[in-house]
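A.B. asks: Chain by chain, the residues run as shown.
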Amino acid sequence: DAGVIQSPRHEVTEMGQEVTLRCKPISGHDYLFWYRQTMMRGLELLIYFNNNVPIDDSGMPEDRFSAKMPNASFSTLKIQPSEPRDSAVYFCASSPRGGAYEQFFGPGTRLTVL
Amino acid sequence: GESVGLHLPTLSVQEGDNSIINCAYSNSASDYFIWYKQESGKGPQFIIDIRSNMDKRQGQRVTVLLNKTVKHLSLQIAATQPGDSAVYFCPTPQTGANNLFFGTGTRLTVIP
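Same order as they appear, the protein sequences are chains A and B. By this note's numbering, the letter at position 43 of the first sequence is numbered 43, and the numbering carries on one by one without gaps. By this note's numbering, the letter at position 11 of the second sequence is numbered 11, and the numbering carries on one by one without gaps.
It is possible that some hints are incorrect.
[Unchecked claim] In silico DMTMM-like cross-links for lysine to aspartate or glutamate, where the CA-CA straight-line distance does not exceed 25 Å: (1) B:71 / A:44; (2) B:42 / A:11; (3) B:42 / B:84; (4) B:42 / A:63.
Read the hints as simulated data drawn from the structure, not as lab findings. From a predicted model like this one, the values you see are computed outputs, not experimental measurements.
Using the sequences and the hints, build the whole thing.
C.D. replies: Next up, the structure:
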């Protein structure tokens, strides 16, 4: 298995632009998680899905952030409009049993908003 | 929500020495714990786990100890190598939720 796939690996954009991050989970994993990592706040859970349904989005910082999972093999995290404080590394992870058990992380997308 | 505290945000050890990374947790209902390792430029990766009915579990060069009385975990790495340099996380489940709180982790630096 190729593991969790994220794209793009790096994204540089200007303030106000729309950013879309993509994730392909490991086949057969029913749980998908989006995290954001910064030096100051560490690794934070933004939202997670179970069987394509959003379960907990309490970590989404504000309405500028949205996430979708149209099918079991694809999810997007969108930021519109982007701001410099959104600069971070965004990770997608998937799990066959739920977040309390082993999660398999993707390589991350490093986002820089100028 | 419940949180996990790490006693030290950074730890430096000499190559060949043993490393001990400590972790405190607050959710007494937690029954399963995982240690993750995050190398530079990569996502976190599972190292070892332990269930609450155990107080020790050993892997290859790593040992996890669990003290439920004081809600404390530790990860011991034997004969630390440069490849062990990474950030280590001991996330714990959020109460009533199916997710983990990771926080900032502990950065281990191995000095050659």
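A.B. asks: Against this structure, judge whether each hint is valid.
C.D. replies: Going down the list of hints, with the structure as the test:
no., hint, result
1, B:71 / A:44, "holds, 22 Å"
2, B:42 / A:11, "holds, 16 Å"
3, B:42 / B:84, "holds, 14 Å"
4, B:42 / A:63, "violated, 28 Å"
Going down the numbered hints, you'll see the structure goes against just number 4.
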